[in-house]
Amino acid sequence: MTPVVKKVVPEVVRPEVTRGAVFFTPRVDIYETPEELVFLCDLPGVTPADLKLRFVHGELILHGKVPPPPALTEFLVEEYGVGDFYRSFTLPIEVVPENIKAVYKEGVLTVHLPKPEKVLPKQIPITVA
Amino acid sequence: MTLLTRRFPFGLLEGEMARFRNEMNELFGPWGFGMRGWPTLAVTYPPVNIWENEEFIYVQAELPGMKLEDLEITVTGNAQLTIKGKRRPMPTVEKVEWHRQERGFGPFGRTILLPIPVVPDKVEAHLENGVLIIKMAKIPAAKPRHIPVHPG
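These protein sequence lines map, in sequence, to chains G and C. Every letter in the first sequence is one number past the one before it in numbering that gives the first Met the number 0, and letter 73, counting from 1, is 72. Every letter in the second sequence is one number past the one before it in numbering that gives the first Met the number 0, and letter 89, counting from 1, is 88.
This is chain G alone, in the form it adopts within the complex (with noise of 0.2 Å):
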């Protein structure tokens, strides 16, 4: 498991070249309680109906699709590139992938993966003989 870093300024996102197009990466938040495995995606200006989130072969696959600029002449001050997100994560545990939820609210994608009822900790009742 990575050791938590916290950054406050965060670091940029490079644009990945990938089948020809061009995706940046999101920066994503990956925590785990005893019962869930839980993402925060921060995916600005993606349009919810062009979000796609599968889950295949154990592995978590995120497509944002983001509308382009509006048509204009020329940007005065270009500081970032507006562009679809992809990313896609290997899972560390075994989840439910029926019970997987995801909201998207104000830029960001939350997606909650709850473990499987055999693998949540269980408390055992001690018999005192």
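Hint data in this document are derived by calculation from the structure and do not stem from the laboratory. No residue lacks a Cβ here, since even glycine has one placed at the ideal position from N, Cα and C. Treat the hints with care, since some could be wrong.
Residues from chain G shown here face chain C by an in silico Cβ test under 7 Å; the list is partial [what the hints assert, rightly or not]: (1) Gly-44; (2) Phe-74; (3) Glu-93; (4) Glu-97; (5) Glu-105.
Knowing the structure of chain G, use the given hints to seat chain C on it.
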């Protein structure tokens, strides 16, 4: 591009500096001062894109996970735009094991010298899906005037 983001004490020099920067960009291409089209180092946060049309100037910034009430947007002296805010950390959950933490949080602030003076009363800010767009009306003198050309 970063020169525009600094608070520049000599207002008159600003135009000169911008011109110098543009010339350097042309000389050195994308590896000059601004690295155009490539995100600059996020020393100043948030990074912005600025564009204009005849009537308005627009400043856009990506601020995912923020609400408009968490932001303070002010325009001073016609051409100085300040964006201040605080990104709240995730509500702390007990017994959490972190696998990855890439998203930043905390207070931030930035002052941008606008290349065109604006009317401070005519500023609108919209925040949708984590993207902030500030629309500012240019002062009438800064709007382009169409000159009719008559055939001679």
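Results of checking the hints against the structure:
1. Gly-44: 4 Å, holds
2. Phe-74: Where the cut-off is 7 Å and the nearest Cβ of chain C is about 5 Å from Phe-74(G), the hint holds.
3. Glu-93: 15 Å, violated
4. Glu-97: Not OK, violated: Glu-97(G) not within 7 Å of chain C, min 22 Å.
5. Glu-105: 6 Å, holds
Hints 3 and 4, counting from the list given before, are not met by this structure.
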